[in-house]
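Novice: Note that the protein sequences, when read in sequence, are chains G and V.
With positions in the first sequence counted from 1, the corresponding number in this note's numbering is that position plus 270.
With positions in the second sequence counted from 1, the corresponding number in this note's numbering is that position plus 1307.
In short, the hints are calculated from the structure, not lab data.
Worth double-checking, as some hints may not be accurate.
[As the list claims (entries may be wrong)] Derived coverage of chain V by chain G (criterion: at least 3 residues anywhere in the stretch with Cβ under 8 Å from a Cβ of chain G; other residues may be distant):
#1 1320-1334
#2 1351-1357
#3 1366-1380
#4 1405-1414
#5 1446-1453
[Claimed, not checked] Cβ-Cβ distance ranges computed for the label pairs, FRET-style:
#6 V:D1338 x G:D396: 35 to 43 Å
#7 G:Y284 x V:H1339: 33 to 41 Å
#8 G:R377 x V:P1369: 22 to 30 Å
#9 V:K1428 x G:S274: 37 to 45 Å
#10 V:P1369 x G:A275: 42 to 50 Å
#11 V:E1458 x G:H395: 40 to 48 Å
#12 G:T295 x V:G1346: 28 to 36 Å
#13 G:S274 x V:E1471: 22 to 30 Å
#14 V:H1414 x G:D409: 18 to 26 Å
No residue lacks a Cβ here, since even glycine has one placed at the ideal position from N, Cα and C.
This is what each chain is made of:
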Amino acid sequence: MALSAAKLTVGDTYSEVLVEDLKRTQLVQYAGASGDYNPVHTDEKFVTEIAGYPTVFAHGMLTMGMTGVLLTNYVGDGRLTKFGVRFVNQVWPGDTLTGTAEVIEVREEDGLQFLDLKLTTVNQHDTPVLTGNATARIDA
Amino acid sequence: MAVENFAVEASHIMMFARAIGDSNPIYADADHAVTTEPGGIIAPPTFAQASAQFDESYRLRPKPGQPWMGSGKEATGIAPKAPGAPDDAPVGMGARGLHAEQHFEYHRQMRPGDVLSTTVKPGESWEKHSKRAGTLKFSETVTEYRDQGGELVITARSVGVTTEKVVEG
């Protein structure tokens, strides 16, 4: 169901748990689907001995993809016009991520209604891992 | 991502949706999808990233007969660069290169049956200093995805960063 401008107020928020206890297998799954096989995401030996990280970490685009789930659940299918993010901290196996979309503006442009959102995804320590913005076309 | 024939297929959309944990049936069930506002299966908002599958020279996919940086018997670390790539090629890459930002603008929904091609334009580049990571070198690329009729479907702007030190954010 699409959102209605008449029912939205600046400051409204919508949150979802995006993943609980992120599994290494999901990183493998995302590598396969996206085609990004950078071994820092799936290869423990490479990432610890060569790259120098404590363990594998999630593709930034997996975190963006999971945040996109919350977004399309909120604004409806096929309604997004813009979605942009900044990856501000790494996401590790075992992390639990929660995403929040906050209403920044409800506006009209060329007779159509749009919703601007601010996005924040945090881990279980409440540390932001992703921040961003999105715009969606909504109903009047 | 420079691609000429990114054929958008329903099975690929289904696998991508599974990988991001999206159980919305619009990505997998054609019978459900016809009842939705878009009227058929569409791609999730970050699906354009899977165009990497169609990029012949993509550096982050093992290729038969070519060295691969990931571990086998040894931990390796062979430089993950495409032939001709500059030494400081920022986006993608192994240890010190990270994805800093990603922005999509949707001109219409991507659907199975689309065959997309891209034009890639370099954007700005800049440097920042960080206590945690040393000198950070940012660089931006803008990728336009067009369909077989030349219609613009998605504009993507990506910012990559290479760091001087390992970041254990």
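Novice: Next, verify each hint and record whether it holds.
Specialist: Hints versus structure:
1. Residues of the stretch 1320-1334 of chain V with a Cβ under 8 Å from some Cβ of chain G number 9, which satisfies the need for three, so the listed coverage holds.
2. Residues of the stretch 1351-1357 of chain V lying with their CB closer than 8 Å to a CB of chain G number 5, which satisfies the three-residue condition for coverage.
3. Only residues whose C-beta sits within less than 8 Å of a C-beta in chain G count toward coverage, and the stretch 1366-1380 of chain V has 6 of them, enough to reach three; the restraint holds.
4. With 9 residues having a beta carbon nearer than 8 Å to a beta carbon of chain G, the stretch 1405-1414 of chain V meets the requirement of three or more and the stated coverage holds.
5. Under the rule that three or more residues need a Cβ within less than 8 Å of chain G, the assignment of the stretch 1446-1453 of chain V is violated, with 0 such residues.
6. Taking the beta carbon of each, D1338 (chain V) and D396 (chain G) are about 41 Å apart, inside 35 to 43 Å as hinted.
7. As the Cβ distance of Y284 (chain G) to H1339 (chain V) is approximately 23 Å, the hint placing it in 33 to 41 Å is violated.
8. For the hinted restraint 22 to 30 Å between R377 (chain G) and P1369 (chain V), the CB-CB distance of approximately 47 Å leaves it violated.
9. Between K1428 (chain V) and S274 (chain G) the CB atoms are about 38 Å apart, so this pair conforms to the stated range of 37 to 45 Å.
10. Separated by about 49 Å at the C-beta atoms, P1369 (chain V) and A275 (chain G) satisfy the suggested range of 42 to 50 Å.
11. For E1458 (chain V) and H395 (chain G), the Cβ-Cβ distance of about 44 Å falls inside the hinted range of 40 to 48 Å, so the restraint holds.
12. Distance hint check for T295 (chain G) and G1346 (chain V): the Cβ-Cβ separation is about 34 Å, which falls inside the suggested range of 28 to 36 Å.
13. Evaluation of the 22 to 30 Å hint for S274 (chain G) and E1471 (chain V) yields a failure: the beta carbon distance comes to about 49 Å.
14. In this structure the supplied range 18 to 26 Å holds for H1414 (chain V) paired with D409 (chain G), their Cβ-Cβ distance being about 20 Å.
Violated hints for the displayed structure, listed by number in ascending order: 5, 7, 8, 13.
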